[in-house]
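Asker: From first to last, the protein sequence lines stand for chains A and B.
Take the first sequence: its letters are residues 0 to 382, numbered as in numbering that gives the first Met the number 0.
Take the second sequence: its letters are residues 0 to 293, numbered as in numbering that gives the first Met the number 0.
Heads up, a few of these hints could be off.
Claimed, not checked - Cβ-Cβ distance ranges computed for the label pairs, FRET-style:
(1) Asp283(B) / Glu137(A): 19 to 27 Å
(2) Leu180(B) / Glu366(A): 53 to 61 Å
(3) Asp283(B) / Ser318(A): 23 to 31 Å
(4) Glu263(A) / Gly197(B): 42 to 50 Å
Note that these hints are calculated values from the structure, not bench results.
For each residue, glycine too, the CB sits at the ideal point set by N, CA and C.
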Amino acid sequence: MATSTAVSLGLDGLQNLINALGGRGYEVFGPQVQNGVIAHDRLTSVADLPLGWTDEQQGGRYRLVPREDGARFGYAVGPQSWKELLHPSRSPVWTMRRTETGDLDVRMHEPEPLLRAFLGVRPCELAAIAKQDRVLLEGPHPDPVYGTNRDHAFLIAVNCGDPASTCFCTSMGTGPEAKSGFDLALTELVDGADVRYVVEVGSDRGADVLADIATSPTSPTEQQAARGVVENAASRIVRKLDTNGIKDHLYDNLENPRWDDVAERCLSCGNCTLACPTCFCTNLEDVTDLSGDITDRWRVWDSCFSLEFSHLGDGPHRSSTKSRYRQWLVHKLASWIDQFDESGCVGCGRCITWCPVGIDLTIEVAEMRGTVQRERIPGHGTN
Amino acid sequence: MAPTDSKSGLVPVRDRSELSPLLVPRPFRVIDRIQELDDTFSLHVVPVEGELPAFRPAQVSMLGAFGVGEAAISISSPLSTRSHHAYTIRRAGPITRALTEVPIGGVVTVRGPFGEGWPLDTIATKNLVIIGGGLGIAPLRALIDLAIEERSRFDDLALVYGAKRPDLILYQGDLDRWSELGLDVRLTVDQGDDAWAGSVGLVTDLLGTPAGLGVDWTDTTVFICGPDVMMHFTALALHELGVPENRLWLTLERNMQCGNALCGHCQLGPFLICRDGPVVNYADVGRFHRVREL
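The following block holds chain A by itself, in its conformation from the complex (with noise of 0.2 Å):
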């Protein structure tokens, strides 16, 4: 929608949008800090934003750290994505009953629609449930449990203004301005201890939740200064990814004996698909009840790294870490590509702050292209 329709809002006003949508039988989720990090939860206040707080990330490390103005969404991203809230780490597929016949009374669990507002999605985080939206829905067969979620998701964006140095969004064309994918989209105007947001409207929806409050039309020096803050973002993403034919490249390059160099260094813990908020697989568990007549299949989370992934009759297919590490970056940046006409990648840095040794992708394809540039990484480690 043509940002004509852009409107300010104070925090007063942002404490409405939250009653707006909690008076329209919404849960609300934004961003606060728990467990020293700034993590996603339901949240009925301005109060619990994160004021007074930043993250510094780089290979292995995160943490928090104070800053002195009234900026609530000065931070790049925590750990999470809202990958759990729209396609749970678990959740129950079927229950399966032996009837007293012999027979079996199979019935599917319906996703219960629930209403909830995402409160300080990024735009990288955008990309992500777009991406996410192309594999578990635009597929042949939707996924019901996610298509529910999704269906039901009231997204209200909030653009960058702290990148980290892990980010890379700039590189993936998903950041750090949002440009589509949302119903809402703020971004914060800080000045000392004051804080205005410039809303701009994406849909229908967030029309109706936005005509609930009161609101004032952008002045010119806002809608500047709303364009400054994501410039001036844009001009701190240092990090790089080039993907110029990046597909055939790393095609090419399947036996590249960077890959035993990397799986030197992997765990293979598989923390990196955990954060990356664009990682789908699962894994379908049944678990049988003690009288062994009941049956509830449950869809969890999977991981590339584990070695039950692969499994096949003889044994697991990729049996050493090389060639899982190898299978979760040619998937993410190659083979998704072919998949699903898209990268797996937005671009986020989760992998690299995540990882416990601090392995960063972007510097495994620069060597794998001849093209590494370390003194163009700040915060790297021992690459």
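Fit chain B to the supplied structure of chain A, relying on the hints for placement.
Answerer: For chain B alone, kept in the frame of chain A given last:
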């Protein structure tokens, strides 16, 4: 447009009330259970309710044993068999063990069938050679019957089948019947026994050798199903003999779970085997299939 949500007064992103039917397991009754080998059984099954689903040779179903789990098994009965579907299962782990122990009258669950079958209709070559290794003959069984029905389309129609030992040759009755119907059947075993007078060696030893199959390889389509390593060397040997890569078709097995291209398990490079396979063209898959552990 989707109706307005009664609670929020807002229009949902999309209207998507339909569940994905291929996630729902369907109970099938076992009407016959045939011991093929020491550890290999064929279950003949029919739906407890409703019709037998249509299938194409090489398509795979997720066959479920109550309380244990599901395994991907291809349908091995001919298309012309309207009374049941057959699944040939080797005991390899707890799920396949449980499946092979379901008695006649018992119930298994079926999801599917999934995937792409053999492209028999589109073959334009004079000859068709079908190559199976071990249990890989099972997904070929329905195809062979179909190819024999269309025998006149081909100058040469042959089956090369390799097993580890003579007592591990599956479907001996079918092999005899197929020979009588005009299929050139060539058998080989890795290791013979006192009674075995046939060929000893790999399937590749029967391709283009004086003792083996002599066809015009430059005008031949080949369908291959067997262990990965067998398909790897067979494809290389056939390419060497002059079969273009795009006339070689493999059927691939990877860990298959959802069958709906949602769970990510059955990947091989760009392929999601449940969606894009199990039958794939070697010109597309070769560069990935040749890489170990991909």
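Asker: Broken hints, numbered, in rising order?
Answerer: Of the numbered hints, all hold.
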